[in-house]
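Visitor: Since the structure of chain X is provided, determine the placement of chain S on it from the hints.
One letter stands for each residue in the lines below.
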Amino acid sequence: MTFISLREAENYVEAFCKTYRLKDDTCFKTRLVIEELVTNMFKYTEAKSFTLNIAFDKHIKINLAYSSDIFAFKAEKPEQNEVSQIKEGGLGLFLVESMTRTFTYRHQDGKSIYTLTI
Amino acid sequence: MIEIQKEKDILIILSDRLDSMNADETKEIVMEALKDLQSDIILDVTNLTYISSAGLQVVLKCAKIAQESQKECFLKGAHGTVREIFQVSGFLTFLKEA
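Chains X and S supply the protein sequences, listed in that same order. For what it's worth, the working numbering labels the leading residue of the first sequence as 939, then goes sequentially. For what it's worth, the working numbering labels the leading residue of the second sequence as 3, then goes sequentially.
This is chain X alone, in the form it adopts within the complex (with noise of 0.2 Å):
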């Protein structure tokens, strides 16, 4: 399904997890990947509109690709110092990482594709 706003694909995730009655904690981490990774397109891409497919057997399976060049992938964990040293945002690939059981990224025929577990 083709997406022009992250409210579109947030009402699709919410539908998505009453069809299936999936737990609270697996539609929080649903929506807190889609949100992360369609606000960092919006962000630092020129892309206005992405793709997302969502599926469920056993475990979330998400598909989320968008037309943009290919980036340096980086998703690490924010060096924790001092409160005033912390550098404000970088945090949302890390936690897409980290609420997800896989996460690949792959840059093909001019897209950004995202496949995800949960």
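Don't take every hint at face value.
Using 27 Å as the maximum straight-line C-alpha spacing, the simulated DSSO-like pairs for lysine-lysine come out as follows [said to hold, decoys possible]:
1) S:Lys63 <-> X:Lys981
2) S:Lys8 <-> X:Lys1012
3) S:Lys66 <-> X:Lys1015
4) S:Lys78 <-> S:Lys8
5) S:Lys10 <-> X:Lys1025
6) S:Lys8 <-> X:Lys1015
7) X:Lys1012 <-> S:Lys78
I should point out that these hints are in silico values taken from the structure, not numbers from a laboratory.
Guide: Here is chain S on its own, set in the frame of chain X:
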């Protein structure tokens, strides 16, 4: 949703969701409320059901303002997946739990 109560400490009650949809607005409210900070901050997240990295930035801002003012920033009521988010992101290393 955000509610702020100024008593002995400043109590910031965050509820429902804190994400990219409302984080900027919430951050502005928090920064206004924490001007000339004279007391400790308590962030009550008992009724917060969802937080993303955008929401964590609001919490980080509170912690930074507290430190700049030589005050403490406490976290109250974190549970379930919300607490897990605070934990994996490392925020529980600098937020004291009330």
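Visitor: Are the hints correct? Go through all of them and say.
Guide: Checked hints:
Of the supplied pair hints, the one linking Lys63 of chain S and Lys981 of chain X holds, its CA atoms being roughly 20 Å apart against a limit of 27 Å. Proposed proximity of Lys8 of chain S and Lys1012 of chain X is contradicted: the alpha carbons are some 40 Å apart, above 27 Å. Using a Cα cut-off of 27 Å, the hinted pair Lys66 of chain S and Lys1015 of chain X holds, with the two alpha carbons roughly 19 Å apart. Straight-line distance between C-alpha atoms of Lys78 of chain S and Lys8 of chain S comes to about 16 Å, which keeps the hinted pair within the 27 Å bound.
The suggested pairing of Lys10 of chain S with Lys1025 of chain X is violated, with an alpha-carbon distance near 30 Å, which exceeds 27 Å. At most 27 Å may separate the alpha-carbon atoms for a hinted pair to count; Lys8 of chain S and Lys1015 of chain X exceed this at roughly 34 Å. A distance of roughly 31 Å separates the Cα atoms of Lys1012 of chain X and Lys78 of chain S; the hinted pair therefore is violated under the 27 Å criterion.
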